[in-house]
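Its first residue numbered 1, the sequence shown is counted upward by one per residue in the UniProt record's numbering.
Just to be clear, a hint being listed does not mean it is correct.
[What the hints assert, rightly or not] PhoX-like mimics (lysine-lysine), calculated; alpha carbons at most 20 Å apart, straight line:
id: 1; residue 1: K76; residue 2: K30
id: 2; residue 1: K90; residue 2: K30
id: 3; residue 1: K40; residue 2: K30
Quick caveat, the hints were computed from the structure, so don't treat them as lab data.
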Amino acid sequence: LILNKEQEIIDFLNKIRLKRFNDAQDKLSKLTTRLGQLEKRYREVNDNNEDFIDTLNRANRSPSKDKLKLLTQLLKESEGSRKDLEIVQKDADEIRRYINGKDLSKVKLEDLFPLVQNIDK
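Model the full structure from these sequences, guided by the hints.
Below is the structure:
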């Protein structure tokens, strides 16, 4: 009877450990997905910056009347790209800073979401 109770306790503790492990894996999976979204957005912003440089080069080769138009367009586009890039970098830094050195099983996913601004478009 005592051995039976001991086995029940061991089984119960193993179930708790397994649940904690599964919860931690789920949190890690969601966090990895979010970091992947941030990396994707970072690449999009980077691509926009390459387009910006191409347009700038085109403006430099253009006649004066077209140059002003292209440079004005670039100025408008660059402001949005710069802000997007700052948001992506800030979000990634905040997440890294928050989880750095922490046991992932103790990190609550809902604690991470306030760190990340809504940049998905």
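Against the structure, the hints:
no., hint, in the structure
1, K76 <-> K30, "35 Å, violated"
2, K90 <-> K30, "19 Å, holds"
3, K40 <-> K30, "15 Å, holds"
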